[in-house]
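Chains A and B supply the protein sequences, listed in that same order. Numbered according to my numbering, the first sequence spans residues 1361 to 1840. Numbered according to my numbering, the second sequence spans residues -13 to 471.
It is worth saying that the hints were derived from the structure and are not from the lab. Treat the hints with care, since some could be wrong.
Unchecked claim - Covered stretches of chain A (chain B as the covering partner; in silico rule of three or more C-beta atoms under 8 Å from a C-beta of chain B):
id, segment
1, 1404 to 1413
2, 1438 to 1446
3, 1493 to 1503
4, 1763 to 1776
Each residue gets a CB set at the ideal place from its N, CA and C atoms; glycine is no exception.
In case you want the letters, here they are:
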Amino acid sequence: MTQYETVIGLEVHLELKTDSKIFCSSSTSFGGKPNTHVCPVCLGLPGVLPVVNKKVVEDAILVALALNCRIAEFSKFDRKNYYYPDMPKNYQISQYDLPIALNGYLEIELDGELKKIGITRLHMEEDTGKLVHQGTITTTPFSLVDYNRAGVPLLEIVSEPDLRSPEEARIYLEKLKSIIQYTGVSDCRMEEGSLRCDANVSVRQLGKEEFGTKTEIKNMNSFRSLQKALTYEVSRQIEVLGEGGRIVQETRTWDEGQGITLPIRSKEEAHDYRYFPEPDLVPMIIEREWVESVRKRLPELPDARRERYVRDYGLPVYDAGVLTSTKEMADYFEACLNAYSSPKTVSNWIMGDLSRLLNSNNLEINECPVSPVNLASLFKILDEGTISGKIAKVVFEEMFATGKDAGTIVKEKGLVQISDEESLTAIVEEVIAGNPKSVSDYRSGKDKALGFLVGQVMKATKGKANPELVNKLFKEKILN
Amino acid sequence: MSLYYLTAHELHDLLLKKEISAVEVNEAVFDRIESVEDSVKAYLTLTRDQAMKTAQEVDDMIGAGRPVPPLAGIPIAIKDNICTEGVRTTAASKIIYNFIPPYDATVVKKLAGQHIAMTGKTNLDEFAMGSSTENSGFFATHNPWDRECVPGGSSGGSAAAVAAGESVCAIGSDTGGSIRQPAAFCGVVGIKPTYGAVSRYGLIAFASSLDQIGPFTRDVTDCALMLNAICGHDPLDSTSSPYEVPDFRRCLVNDVKGLKIGVPREYMSEGIDADVRQIIEKAMSLLELNGARIEETSLPHLGFSLPVYYLIAPAEASSNLARYDGVRYGFRSAGAQDVVDMFMKTRSQGFGAEVKRRIMLGTYVLSAGYYDAYYLKALKVRTLIKEDFNNAFEKFDILLSPTTPSPAFRFGEKTGDPLKMYLSDVFTIAVNLAGIPGLSVPCGFVNGLPVGLQLMGRPFSEGKLLQAAYTFEQCTDHHRKHPEL
Ligand SMILES: [Zn+2]
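Same shape as in the complex, but just chain B (with noise of 0.2 Å):
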């Protein structure tokens, strides 16, 4: 098995036993980065030097027999709409191409604090906007498991990169399903936590009621790792929730008997590829046999999701985007006649298609007269879309679906409709609106794409997540396989 093909706990324990060094591991991902990245295209800035550092500071307290924590020397992607002092951070978008910002965000400074070697930054739709990585402002992103397909968005590049390879874990962001959905395209593990429980400082702002930061990896255990290390209060971001912080690896048991789990009848209806219902219906099936026990259930207000979404983040990015407007630092157009002309011409020539278009729409639905009808409405029924939840956990410890309706999709084919291209997160979106937490595991392949199997639970209920996830995974073997590159 290759070094970059391994997980952060197998590395983590060869390291402890000097059977490899931090070197070694960063070196080897770095060449694996060299012969895939021009078929992946999943990074936008590589950070070898750093990387590098940081595995010889590593292995230079394993050599002084000083305790390294569980992520040391890990070679981890960051997403590249997440700041990073020094390195440049675009959000994918040309009209900050140039950003390089003078602070980290607070997850950064987290896992700088274990020791994780950074890789580099990661593509993404522009602003987090899209499902696909095709709305990237520079280039788009492919799937390692068939490069005429999408990787999944918006945090693409993070999942490609650890499906191939180029990294071990990464950090993404998930608005509404950004992390999720690339995560079963991709064929890894993936996590939204709850809103609140990682700090958003840091994270270039979409729709500040949704966002949250989250981890990809290669399988469970090292998710748990990866939420450890990212979790908890931050005094900088009021939004994040000071409640304690479990050691998730507690969480890592073998075991969901008598665990109840609902399957909303909202998610396996028409739009699913029968293909894709086939593999939940047989993981259902094994976690039965493992001792859980699965009911239909239902979240009577599930279908509006995707319009309270439509409503409320691009409301939010019309006036989180604003900041953009060439004054102070990334693009300014050239020749404007004056300020307005500048602001004008910045934004127009600044940003891309998609993110122009819901930043009309938000402007449209906050507007006088408009407020009430959209907006405001759309809070109503996002509160009633959390009580459908809030019902359905009252009976259930967990809800189960798809991740996606279907598999990875090919490049071009929903470009051209946004209609359809918002479809492929309908699984996903309404996570965000309640605030829960909610993983995506591999659960199998159709035609060699890999499917996502979706766990949903109570706010701050990711350990009970991660307990059903670690127990499907001991019984089948999704995870260890990788894309031929």
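Extracted from the complex, chain A is given alone in its bound form (with noise of 0.2 Å):
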């Protein structure tokens, strides 16, 4: 049988969260009444021109500069003519051959090894409106426009066929999310369609060199429809060639709920755009000085981040890369780590519970209910015996629950364990009174049986007496 290897490379657009669109100053907020947050400009009125927002120039140079790419130092815009109702001028502004960066890279981790993936350009270019119609555009009574998105600026961030399977391509997007997360220029939610991903996809027989023809994959909403769709077009072209067919070269949608890939009608689409330079804009010339001053503006990344919690936490690598996966997440580790220096119990807390709690609450890391301060008042309440760990984990629900800081929860529902040793001693000797058969096993060294006994003081007290103190008080009692 003939093995075939996969190809994969992706176009990744970007909503920048500026103020002000790419071209004019309405506002680029999400959700808005339609046709609200727009101005001639980019309603295309006859006589407006564009302006280019500088802050998008600066934003699509940091992100360039984080997936080190070269910036141009001579750049300018471009039109894509093509014709569909949701493009206010049948015109869109983008960059053709001389976009703002080329040749960089980004690295993913597959099986503990690093692979760079190559990123090949990356530009800026105007969003379209949404079109709100019954079925297809063709075939509706009557389509409903919004020009809200019309103007919202975005990058293209296009990657080299270097991805070898639908899971280094979602391992791919992840990573680029993360970074460019960490630049804190968009908001990357795939649901929101402020990241959008397209594939183009082929195989190849192993071992050859040049590439089978790819069909372009679109529709993809989420990270796990991403590798589902990539998946289930690979086969299909194995499929295809297995049987002696041929890949035909067409744009392909995703449909979630049948699982399969579909050709969408040619006639929608338009080939030719006929690019040419942007003549109501005068090319950019991209001072050095400036990159260098947006250099200045790139936080930590995520590598470098993770590696400085292996090297000055001692933090074991996957446990430092799960919390430097997002700046949010990397943010409230440290935020946390300032009240509380113990980066073992911390990291622990976060990606036990506190992941736990926020994934079944359906909550980002910035959504949580309990601050990274309050958590660690948690850990020091635990520190001083003033509660059991096991009570330490009722009192974080609360918190979760509640947003009441620990000691608040402790007091209110009288959680501070008990460490008195005389209390403690007269429910020990009800026990030993009443569990005859335990005491005799544990004395005859069934150490098991201290556990039982222990247990029973324990649902005596509601879960609040101190585990170590009852531990000392059996053994003095039964063993001595």
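With the hints as a guide, bring both chains together as one complex.
What follows is the structure, given as structure tokens:
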């Protein structure tokens, strides 16, 4: 049987969260009433002219630097011409042959090995509006259009065809998202469309150098659907080739419901975009001093941060990787560490109970009801012996549910650990009297029996007894 | 002399002396419009109420002893491809016959700041594509000097309005000669400023890299006043130049001594009417008599101007005009089957023949496989033409030529042959390709039809052109002649 190799390249569109649009001063905020965040420029009224939002260029440079790209010294905008009613001008201002940045890369980790994925280019362009209709644009009785999104700045980031499996593609996209979130220029929400991804997919016989015919896959709205769609498409292509067929170069859309990719009628797609330099904008000369000043804005990126966690905090590589996967998570970790300096404890709690509760409540770490300082206060109470480790978990759940700090909850619920030897001795004696069998078992060397006895004390004190003290008391009373 | 034939600076003096009121001036102009507009047809829209209101405000200001700017209360017409807030702006196209802009073009805003009295919106060739105003989607404008003749184009309405006393000054736009050619045909002063000297914001784009707004006036002094009012950097237009605008009135000096004027032989060779040549040579002698040094020179690539222009301008136009699709504003064809059908029917029915011809031409030259051979090549030759001018300006302060090879032609004379029509811009096009300023000043008559003298200069040398034109004007009286209507 012929062995095939998968070849994938991704084209990612990223909405920048600048205050205003790329060529006018209209707001970019998401979710306004239809056609309220518009002005003559982004509506493409007769006679208007675009003016480049400098912040967009700056953010593009920032992302490009984070992705190790070469920043162009001379760059320009071009018009991409095609007719579609969500485009006010029937052309999109984009960048064609002189994009703002070229030749970058990012590193992904595969089975403990690092792999460099090339980034071909990064360019700026304007987003389109949104159409609402039944079925397709050619069959719907009418179509409504909202231009709020028209002119929102986009970065397009095109990878080299370096990805060799759907899983690699997902990991690449996750890494890209992580890096961009670190730069703070985009929310990168796939579900809201602030991060969109198209894929070029082909397969070739293992060992061959030339690429197979590729298809372009669209409409993948989550990391999961990306991997699913690509897995489907790869097996579809292998099946076609296996049956002696040919792959048709076409655009296909991922149908989440059916779990398959379908060709999009090419009638809706214009193929000759008739690019030419945008005459309403002057070419940009990107001064090196500007690039260097932007570079100063570059935060510590996930790879560097992970290395630092391993080096300075002695965390395992895996743990450091999880903590630094999003900037918010790492920031939370460090804020907590500022108030409580045991990296291992903080890391364990964040990766354990905190992540579990966030997941089950569908929350992001920046929406976490427990502040880093509060979490640290829980650790302190724990260390002071005010509560036991077991109670700490109960307190934490309460903190998560109510947002109250640890001390308040311990007080309100009367969860303070019983470390008073006198009152515990009374309970221990009661338990010894009530469980002669276990007592004799323990005496004859069955250590397990001690566990049962301690458990009885815990039951009687609703878990508040200091376990170490209880242990000690049993040993004294039974063995002496 | 009738009030409507006075110049802006003459009217301003009378206004300040309180010998007349701005309301009287505007009444005179609107009366004039009433009596001659039927035979000239310069306007698509009249804004009498608005003009009279501004005139009254100006009179109140003068009455209160407050200072007023030089163009305050002056009746000025605006070409209908320049957006005016709340006033219908059509570019003489059926496809936006009902478009009312929610904003003013920067030029309109600047003129409003001068308290001008806007008389209305003038006719043009649809989307400024044409040389005779016969391509207007609504009706043709007539040359006030001979109503059987065209006023030139595309700013034919603006030129005719100024010549006929239907406004004192006017604003036009010039992509390949659309100010200078009608100015020459109608016997008025017109200037296409340096590319980037005047904001294009609010000018309905034809060819973005060539379009420039400029004034029509009855004399050079008014031209300087209008330039003072409209030039300058605009943050809304990235291609507008951040240069310091001089006070152009200071350039109104009657002196061309030592001025080096080059006459490119390519402009004076075949294709030019013998009568026109004679008038231009007379103008040259007059300037020489005043101390200018005139010499023949050459612009070797000038012959490529027309083909280069008809590749670049339609390419840009094909994209600029893509937005007229019936979705958001303007005309929408009824009874379309689906969205693609709606686009096609709307554009087929909404645009006139010449506009469609240029959209097709432009779409073709930008298409894959043809781009390099046509568009890219045209850009390269455009650079050569620019270099020709640069070289000439190393030796000369000003270049001189006839504005057009012949005076105004008759209706229908060239409509059957687009190429023949395109040739009427052959002397003006290169100036747009090079991005330099070009001024047309009246220099005589052939069979009762005006002839224009074109002066061209380095980028941002409008002042020098004004000085030469002013000197020429001081020793001639062509600008004092008016058509009989
Ligand atoms: Zn806007």
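Hint by hint, work out which the structure violates, then give me just those numbers in ascending order. 4
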